[in-house]
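For the sequence shown, my numbering assigns the number 3 to the initial residue and increments by one for each residue that follows.
FYI, nobody ran anything at the bench for these hints, they're computed from the structure.
Misleading hints may appear alongside valid ones.
[Stated by the list, open to error] Pairs of lysine to any residue residues, derived as SDA-like cross-links and limited to a Cα-Cα distance of at most 25 angstroms, are as follows:
| id | residue 1 | residue 2 |
| --- | --- | --- |
| 1 | Lys38 | Ala10 |
| 2 | Lys9 | Thr31 |
| 3 | Lys38 | Val62 |
| 4 | Lys131 | Tyr157 |
[What the hints assert, rightly or not] Simulated restraints on C-beta separations:
| id | residue 1 | residue 2 | range |
| --- | --- | --- | --- |
| 5 | Pro106 | Asp4 | 43 to 51 angstroms |
| 6 | Ala25 | Gly54 | 19 to 27 angstroms |
| 7 | Gln58 | Val141 | 45 to 53 angstroms |
Glycine included, each C-beta is placed from N, C-alpha and C at the ideal position.
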Amino acid sequence: MDRTELKAIIENLLLASDKPVSADALAQTLLNGGDKDALRGALEELQQDFEGRPLQIIEVADGFQLCTRPEHAEWVRKFLKLDKTFRLSQPALDTLSIVAYKQPITRAEIDEIRGVDSSGVFRTLLEKKIVAPAGRKDVPGKPIMYRTTQKFLDYFGLKDLSELPTLDDFGEGEIEGEAGPEQVEIEFGLAVPPAESGEAETVEVEVAEAESPAGESPEEN
Numbered sequence: 003m004d005r006t007e008l009k010a011i012i013e014n015l016l017l018a019s020d021k022p023v024s025a026d027a028l029a030q031t032l033l034n035g036g037d038k039d040a041l042r043g044a045l046e047e048l049q050q051d052f053e054g055r056p057l058q059i060i061e062v063a064d065g066f067q068l069c070t071r072p073e074h075a076e077w078v079r080k081f082l083k084l085d086k087t088f089r090l091s092q093p094a095l096d097t098l099s100i101v102a103y104k105q106p107i108t109r110a111e112i113d114e115i116r117g118v119d120s121s122g123v124f125r126t127l128l129e130k131k132i133v134a135p136a137g138r139k140d141v142p143g144k145p146i147m148y149r150t151t152q153k154f155l156d157y158f159g160l161k162d163l164s165e166l167p168t169l170d171d172f173g174e175g176e177i178e179g180e181a182g183p184e185q186v187e188i189e190f191g192l193a194v195p196p197a198e199s200g201e202a203e204t205v206e207v208e209v210a211e212a213e214s215p216a217g218e219s220p221e222e223n
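Work the whole structure out from these sequences, hints included.
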């Protein structure tokens, strides 16, 4: 098929899918698994074609997705009755930042960096599947190590961890838990795929746990 037809079919497949579609899956379906360079080129052209249009094609960790634009997000949320933000308290944001940049890392190491016990906020991050266990550290006691998850990448619109801002872009206190505002509301601007309609998931993290001086939690073992 020619490039114009290929792009038209890709656009339709992205519209029909309720989740990101990988370049490999598209190549397998449209080109019998071959000529992935041609498929990638068609995707890049299609992304350019959508510039200035009401929708956009973005690349996330799982592949490509046809989505609404951030500037229209408020109207989409209002129509679908979605929650506005994914709220993280400052302690939870500090903890998540440490995991993101120093993973895999143990709970005790996080507490040492922050100087306070993080068990409450860490439990919330685990429940929301933003962080997950990543094996045990080869030291006495074999403490569990943790890493960020695919959900973390999706929420922040990242293809992989290499797209995180470098540590040079931050002051040391921003990564290591320097005191800040009590709560931060992060506007993720999650693009809503047209096919999801009213079934889009509402995500909210609320943390109200008080923090105490650092100490090993029974949950660590």
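Verification of the supplied hints:
Our distance criterion of 25 angstroms between C-alpha atoms is met by Lys38 and Ala10, whose separation comes to about 17 angstroms. The hinted pair formed by Lys9 and Thr31 meets the criterion: a straight-line CA distance of about 13 angstroms does not exceed 25 angstroms. Proximity of Lys38 to Val62 is assessed by CA-CA distance (about 18 angstroms); at most 25 angstroms being required, the pair is judged to hold. Of the supplied pair hints, the one linking Lys131 and Tyr157 holds, its CA atoms being roughly 11 angstroms apart against a limit of 25 angstroms.
For the pair Pro106 and Asp4, the supplied restraint of 43 to 51 angstroms holds, since their beta-carbon distance comes to about 47 angstroms. Under the hint 19 to 27 angstroms, the C-beta atoms of Ala25 and Gly54, about 24 angstroms apart, fit the expected range. Between Gln58 and Val141 the C-beta distance comes to about 46 angstroms, which sits within the given range of 45 to 53 angstroms.
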